[in-house]
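Chains as they are written, first to last, in this note's numbering: chain V, 140 to 255; chain X, 18 to 127.
Worth flagging that the hints you see were computed from the coordinates, not collected in a lab.
Ideal Cβ positions, reconstructed from N, Cα and C, are used throughout, including at glycine.
There's no promise every hint is true.
As the list claims (entries may be wrong) - Simulated DEER-style distance windows between Cβ atoms: (1) Arg223(V) with Ala96(X): 25 to 31 Å; (2) Gly100(X) with Pro236(V): 44 to 50 Å; (3) Asn192(V) with Gly58(X): 38 to 44 Å; (4) Gly100(X) with Leu177(V): 42 to 48 Å; (5) Gly167(V) with Ser43(X): 27 to 33 Å; (6) Asp195(V) with Ile126(X): 24 to 30 Å; (7) Ser205(V) with Asn70(X): 34 to 40 Å; (8) Ser205(V) with Ser43(X): 27 to 33 Å; (9) Ser43(X) with Arg203(V): 24 to 30 Å.
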Amino acid sequence: NAGVMQNPRHLVRRRGQEARLRCSPMKGHSHVYWYRQLPEEGLKFMVYLQKENIIDESGMPKERFSAEFPKEGPSILRIQQVVRGDSAAYFCASSPPSGGGNSPLHFGNGTRLTVT
Amino acid sequence: GESVGLHLPTLSVQEGDNSIINCAYSNSASDYFIWYKQESGKGPQFIIDIRSNMDKRQGQRVTVLLNKTVKHLSLQIAATQPGDSAVYFCAENTGNQFYFGTGTSLTVIP
Chain V
140 NAGVMQNPRH
150 LVRRRGQEAR
160 LRCSPMKGHS
170 HVYWYRQLPE
180 EGLKFMVYLQ
190 KENIIDESGM
200 PKERFSAEFP
210 KEGPSILRIQ
220 QVVRGDSAAY
230 FCASSPPSGG
240 GNSPLHFGNG
250 TRLTVT
Chain X
18 GESVGLHLPT
28 LSVQEGDNSI
38 INCAYSNSAS
48 DYFIWYKQES
58 GKGPQFIIDI
68 RSNMDKRQGQ
78 RVTVLLNKTV
88 KHLSLQIAAT
98 QPGDSAVYFC
108 AENTGNQFYF
118 GTGTSLTVIP
């Protein structure tokens with residue numbers, strides 16, 4: 140019974156390149172959340188998605204960042220034209236269909252993005 | 018040992034002692050709270066949760082206390098073990114989002 144799977148675990152990009160982070164939720168989970176974490180800090184909410192729908196993207200930067208959760212396949216967090224300030228750990232979490240605050244989030248082990 | 022969360026982000030306790038980690042949450046409308054444990058290089062791991070209609074909930078070696086009057090949450094760990102060393106986060110749910118605190122780093126001294 141696999142948990143939340145994120146890949147890659149580590150990603151190195153040069154400034155100006157694109158970063159694509161993938162997340163497969165737990166089996167049976169249809170809600171996906173993306174969080175960003177800087178060293179020695181807490182998790183900052185970015186976006187909440189259900190299949191084919193963005194429910195809440197209030198934590199997403201207005202430019203360069205986008206997220207999707209297609210009907211088939213993993214959720215993707217995409218960062219275009221990366222800058223050094225994008226270097227962080229990005230965590231994905233999922234919850235069952237009842238989601239949205241009725242059950243705990245289950246987290247993956249994150250993707251650590253380094254921009255050089 | 019006892020932590021006051023945001024104002025004292027590190028806590029050191031002797032193995033076998035009880036630990037208390039505190040968290041002040043911000044939104045009086047939050048109705049669901051979770052404690053997570055995060056070890057180095059890993060994602061947050063669920064420990065225990067509590068809803069706003071309760072003031073105490075117990076798990077295996079852990080107890081969560083909720084004081085809605087002062088918007089305060091605490092995690093008590095009994096007989097702390099070296100494997101408990103980690104960063105502990107409280108999270109509050111409001112609407113669609115879970116808001117996380119800064120975290121408290123717990124170090125268990127053998």
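A quick look at each hint next to the structure:
no., hint, verdict
1, Arg223(V) with Ala96(X): 25 to 31 Å, "violated, 44 Å"
2, Gly100(X) with Pro236(V): 44 to 50 Å, "violated, 33 Å"
3, Asn192(V) with Gly58(X): 38 to 44 Å, "violated, 32 Å"
4, Gly100(X) with Leu177(V): 42 to 48 Å, "violated, 26 Å"
5, Gly167(V) with Ser43(X): 27 to 33 Å, "holds, 32 Å"
6, Asp195(V) with Ile126(X): 24 to 30 Å, "violated, 42 Å"
7, Ser205(V) with Asn70(X): 34 to 40 Å, "holds, 38 Å"
8, Ser205(V) with Ser43(X): 27 to 33 Å, "holds, 29 Å"
9, Ser43(X) with Arg203(V): 24 to 30 Å, "holds, 29 Å"
Taken one by one, the earlier hints fail for this structure at numbers 1, 2, 3, 4, 6, listed in ascending order.
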